[in-house]
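Q: First to last, the sequence lines map onto chains A and B. Just remember that the working numbering sits 2 ahead of the position in the first sequence, which is counted from 1. Just remember that the working numbering sits 41 ahead of the position in the second sequence, which is counted from 1.
Note that these hints are calculated values from the structure, not bench results. Just so you know, these numbers come straight off a predicted model, no measurement behind them. Careful: at least some of the hints might be erroneous.
Claimed, not checked - Below, simulated DSS-like cross-link-like pairs (lysine-lysine); rule was C-alpha separation at most 25 angstroms, straight line:
1. A:Lys80 to B:Lys516
2. A:Lys188 to A:Lys348
3. B:Lys405 to A:Lys47
4. A:Lys275 to B:Lys405
5. A:Lys42 to B:Lys405
6. B:Lys516 to A:Lys44
7. A:Lys218 to A:Lys123
8. A:Lys150 to A:Lys47
9. A:Lys141 to A:Lys44
10. A:Lys218 to B:Lys405
As the list claims (entries may be wrong) - To give an idea of the chain B side of the interface with chain A (calculated C-beta under 10 angstroms), a few residues:
11. Ser135
12. Asp139
13. Val223
14. Thr252
15. Val256
16. Phe259
17. Glu261
18. Gln262
19. Ser264
20. Pro390
21. Ser404
22. Asn407
23. Ile410
24. Phe499
Every residue gets a Cβ at the ideal spot worked out from N, C-alpha and C, and that includes glycine.
Listed here are the chains, written in short residue letters.
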Amino acid sequence: MQNTRFLKNYKALQVILILIFTIYPSITNASEVNVYSGRKAKLIKPLLDQFQNQTGIKVNLVTAKSDALIKRIESEGKSSPADILITVDAGRLDRAKKMDLLQSLSNLPVIKDIPKHYIDKDNKWVALSKRIRTIVFSKENIKNNYIKDFADLANEEWNQRICVRSSNNIYNQSLVASLIANYGEKNTEKLIKRVVENFARKPSGNDRSQIKAVAKNECDIAIVNHYYYLIMLQSNDADQREDANKVSLTFLNQESTGAHVNVSGIGITKYSKNLENARKLITFLLNKKSQEWYAAVNYEYPVLESAKTNELLESWGKVILDEKNINQLGDLNSRAVKLMDRVGWK
Amino acid sequence: MVPFIFLASSIFFPFNDNWIHIIDNVLYDYFFNSLVLALGVGFCTFIMGTVTAWLTSTFHFPFRKLISWLLLMPLSMPAYIIAITYVGIIDSFSFLPDIRNLPGAIFMISLVLYPYVYILARGAFLEQSKELYENAQILSASQLQIFLKVSIPMARPSIILGVTLAAMEALADFGTVEFLGVPTFTTGIFRTWFGMNDTVTAIQMSSLLLTIVFVFVFIEQYSRKKVRYDENIKTQSKLNYKIISNKNKFIVITICLLPLTFGFIIPFVQLIYWSFFLSNETWDNEFFQIVNNSIFLAFCSALIILIISVLVTYVKRLNPNSITNKFMQIITLGYAIPGPVVAIAVLIPFATFDNFINQVLISKFNYSIGLIFSGTFFILIFAYCIRFLTVSSRTIKSGLDSISLATDDAAKTLGANTQTILKKIHFPMLKTSLLSGFLIVFIDIMKELPLTSILRPFNFNTLSVKAFELASDEKIVDASNAAIMIVLAGIIPVVLITKNILGKRNKV
């Protein structure tokens, strides 16, 4: 027994030693860039790998929730290894900017090619791709689609017919934030209250669950991001394809404010130690080929206008987008959340 | 200790307007749902865990060995994965009841957490002596009476521990309840942090949650303060398995198979189906690198946590009234704090310290060493300790409590010092508890998500992070490979430990 105990201690010691050696990270070498990404590895790493292969600059990546990463950059302060922050909504980048964690991109040449709504007004971040929040509706139960505006969802005829996920989700929060920007808080609250009364069930699940619910006649309208519908349509799961085929997607507010759009975006941290590499990486992510990758892989719209989109996206033609208030979404997020609490959007 | 002081100190920050908003609109919902969730999970895991533990440790029936280790398997299934999987199944069969509600959440979480109770209760039942049962039988008690009046009360510390762990984990859960549309205290904490960008209120809410848990745990401990659960009449003779009729064998097997089928077989088969027929993910080198990372990290961390818990538990046994002991009671409540909150609670102090070191180094030597603590595995393992020390130290403590102090005294009279007692008496007797503690922590770390994802160093991916990223991107089908590997990796220690628990019995 004494022997095993000794062996156990010895092994523990070994493990601790190994850990101590792994603890010391690679000491900053000249050609690397450190990325904190709120965008999932699956949806960013292939591009980062391409960058690494082309330039020889090593890309180090950590992915987690954007808010946690922002908190991490804040507490790491001047010693933070992060050079780049990527998030999946404009509000989070705005937050990082307001906490003074980002630096200006103003003299980055590639920025000139991007439409101005997709760049922070102080040049602290730039968008990478666009996501449109809109509705799908049941082909069977809504024959002639006459829902033109988000406000139409408040009509009594949709009572018990709308499905949407929880208001914990950032997509819903920024949707409501954009309504506040367009119509003011009071009007938005009235509108959302009526929309919530039209919910067919308690919000749960994710965007795909809502599309499925429409396909299964649990509701007739679902509020979703456009790309989930396309992903389901192209799925190799026959059930998902079948569900997606039972619904149609329509873009809202085409004759008024434009459809609600949010972006995934990128910024350089204030204390970046690999500034040149970080700038090269942003330039790379905004080039035509990288931009086309978003459309090809995740059906997102590129921000670079010359970049081609996917055939399916192409088939929808030009969509009018509510671009002018992207810069305000961050500011309004907290008010949107409280508003949804007040009207009982769970 | 520092992270807890940090959390507690949040109470002294000024309370802002968001509190008024929260109290007016959502606090009641959060409080009610969290309370029902914790009690419901506590109750369900108690029933599932103790009944299966008692059946497998009392009766002789075919496949008993196999079933008794399979019953542990649901533990390695992350709760949000099982919830998404079931919703997927229910979507395909419309006659099944909807689980997107509070009872559904209780059921889902209980299905994967009852093994906490099972493993601890089973350990306790197996340790109970034959004499007790014989005495009860002499008093003509039926099997059921023995179970209710002897086995359960005798195993109370272990059972309560398992139930508490399950309830605390349910309280800290985010992914499952969010997916099933049940707003709880924890979803509220994240809503306040992420949605309202108000970290202070979010941390204050965590402190409040922690206080409530503390009160519950305190009441439970107080209620059995004077009672010690060691057996003075402990002998070598352990129970033999009862022989039962074929009809009863059938009933026993069916009962045991219920939680197993729902908690493991059904979701696992669904995952395998997805993985083989629909997943776009490949089993490439990168994937196996991730498997390696996960197992290595979980193994090392579980070992370190085990060693610390042994030390801590011993300090407690040797000086039951020391201050360290009181601190430990607080630290071990770490299990009820949501992961991301633990993450910032460890990140902020360590990063501040790192920055201080760097400042000094730069001013004296013009050299920066980088983040020694907060940018490395150190902080991750430290955070795991905060989170999981509860599990392992309490598992060990419940084992240690069943060794009577008289045994120690007897050894001392025979001239043994503390070290010898530890090596020759406690360690052999505690082997089961140590292994259980290690197993639970290992599996928990394998499936742990928020700490791993927030605090890990660059380019270090794990199975749980991969599974969650795919699942939360609504690609549950692609997440199946990673989920399957988490479960398979969990089997290794499960087999090891069961061999040990069973081996012990078979020798007698």
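Q: Going back to the hint list, which numbers does this structure go against?
A: The structure conflicts with hints 1, 3, 5, 7, 8, 9, 10, 14, 15, 16, 17, 18, 19, 21 and 22, although it agrees with all the remaining ones.
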